[in-house]
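Colleague: Chains as they are written, first to last, in this note's numbering: chain A, 4 to 134; chain B, 4 to 134.
Please note that a few of the clues may not be correct.
Chain copies aren't distinguished; within one or between two, either way the pair holds.
[As the list claims (entries may be wrong)] Below 27 Å or equal to it, Euclidean Cα-Cα: the simulated DSSO-like pairs (lysine-lysine) are:
no., residue 1, residue 2
1, Lys132, Lys119
2, Lys73, Lys13
3, Lys13, Lys50
4, Lys10, Lys119
5, Lys132, Lys106
6, Lys60, Lys106
Source of the hints: derived by calculation from the structure; they are not laboratory data.
Only a predicted model underlies this, so the values are computations on that prediction, with no experimental measurement involved.
2 protein chains.
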Amino acid sequence: MAEEPQKTLKVAHKAFEHFQHGLATGEWNQFFDMLTEDFSFWFPMGKFHGLNEGKEKAREFFQYVSQAYKNGLFVTLDRVTSNETTVVFEFRDEGMLFGELYKNRVAVSFDVRGDKICGYREYFGSDGKSN
Amino acid sequence: MAEEPQKTLKVAHKAFEHFQHGLATGEWNQFFDMLTEDFSFWFPMGKFHGLNEGKEKAREFFQYVSQAYKNGLFVTLDRVTSNETTVVFEFRDEGMLFGELYKNRVAVSFDVRGDKICGYREYFGSDGKSN
Numbered sequence: 004m005a006e007e008p009q010k011t012l013k014v015a016h017k018a019f020e021h022f023q024h025g026l027a028t029g030e031w032n033q034f035f036d037m038l039t040e041d042f043s044f045w046f047p048m049g050k051f052h053g054l055n056e057g058k059e060k061a062r063e064f065f066q067y068v069s070q071a072y073k074n075g076l077f078v079t080l081d082r083v084t085s086n087e088t089t090v091v092f093e094f095r096d097e098g099m100l101f102g103e104l105y106k107n108r109v110a111v112s113f114d115v116r117g118d119k120i121c122g123y124r125e126y127f128g129s130d131g132k133s134n
Numbered sequence: 004m005a006e007e008p009q010k011t012l013k014v015a016h017k018a019f020e021h022f023q024h025g026l027a028t029g030e031w032n033q034f035f036d037m038l039t040e041d042f043s044f045w046f047p048m049g050k051f052h053g054l055n056e057g058k059e060k061a062r063e064f065f066q067y068v069s070q071a072y073k074n075g076l077f078v079t080l081d082r083v084t085s086n087e088t089t090v091v092f093e094f095r096d097e098g099m100l101f102g103e104l105y106k107n108r109v110a111v112s113f114d115v116r117g118d119k120i121c122g123y124r125e126y127f128g129s130d131g132k133s134n
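Start from the sequences, fold in the hints, and give me the full structure.
Modeller: Below you can see the structure in the form of structure tokens.
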């Protein structure tokens with residue numbers, strides 16, 4: 004395998020570890036450090052539905068996520084696929100959302116530029132009640 | 004790149020072409036021919052929410068899909084990622100759902116076994132109204 008796809012995978016795995024840590028603990032600084040200034044993300048629903056542009060928007064979003072899942076959201080990683088610039092993580096998650104049991108199946112697709120993440124798209128595979 | 008991941012990609016691309024053709028036209032036979040007998044799929048919502056097991060269940064599902072989008076559902080493929088056994092397609096789709104404009108962002112993750120698809124997971128990235 005060429006060097007580039009391997010490097011892309013390595014950067015994305017590191018970012019995903021920090022993403023997972025952020026969801027579990029509410030500590031997002033390591034994840035934020037890996038985002039480009041022009042980072043953008045797509046989210047499937049609610050207040051952040053659609054395209055969200057800029058790192059500040061990301062900070063706002065992840066702070067909101069950690070308020071919603073204040074005791075943490077816990078991830079079980081099932082599968083990773085990649086190409087030269089993009090890495091998709093399929094996982095299940097579970098936690099308490101504003102005090103109610105929440106479970107979902109999720110795919111997140113990270114775009115890598117250099118040693119940072121310049122964008123991601125999130126997709127839901129279930130209904131928030133089962134995974 | 005090793006032979007196996009390339010073969011996996013090739014099989015999945017062929018299946019995805021048939022999947023796309025089925026969505027656009029309602030003709031699913033070429034896609035069904037590429038599914039293993041023990042094929043299973045996960046769907047995010049509605050009547051087929053969760054895990055659906057067996058090729059017959061798949062036939063029922065795709066016939067239902069083509070009744071719902073009777074003038075076709077049209078796919079724009081954005082991105083493909085893969086590993087040795089799995090290929091993820093990120094796309095946007097658009098069509099008329101029971102007569103109303105429907106748009107979504109979607110990720111489907113195909114599992115390949117030999118020259119067939121043995122399972123897939125579907126994830127939604129938007130709300131059915133925008134993509």
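Colleague: It remains to establish, for every hint, whether it holds in the given structure.
Modeller: Quick rundown of the hints versus the structure:
no. : hint            : verdict
1   : Lys132 / Lys119 : neither (33 Å within a copy, 31 Å between copies)
2   : Lys73 / Lys13   : neither (29 Å within a copy, 44 Å between copies)
3   : Lys13 / Lys50   : neither (32 Å within a copy, 39 Å between copies)
4   : Lys10 / Lys119  : within (11 Å within a copy, 30 Å between copies)
5   : Lys132 / Lys106 : both (5 Å within a copy, 24 Å between copies)
6   : Lys60 / Lys106  : both (25 Å within a copy, 25 Å between copies)
Hints 1, 2 and 3 from the earlier list are contradicted by this structure; the remaining hints agree with it.
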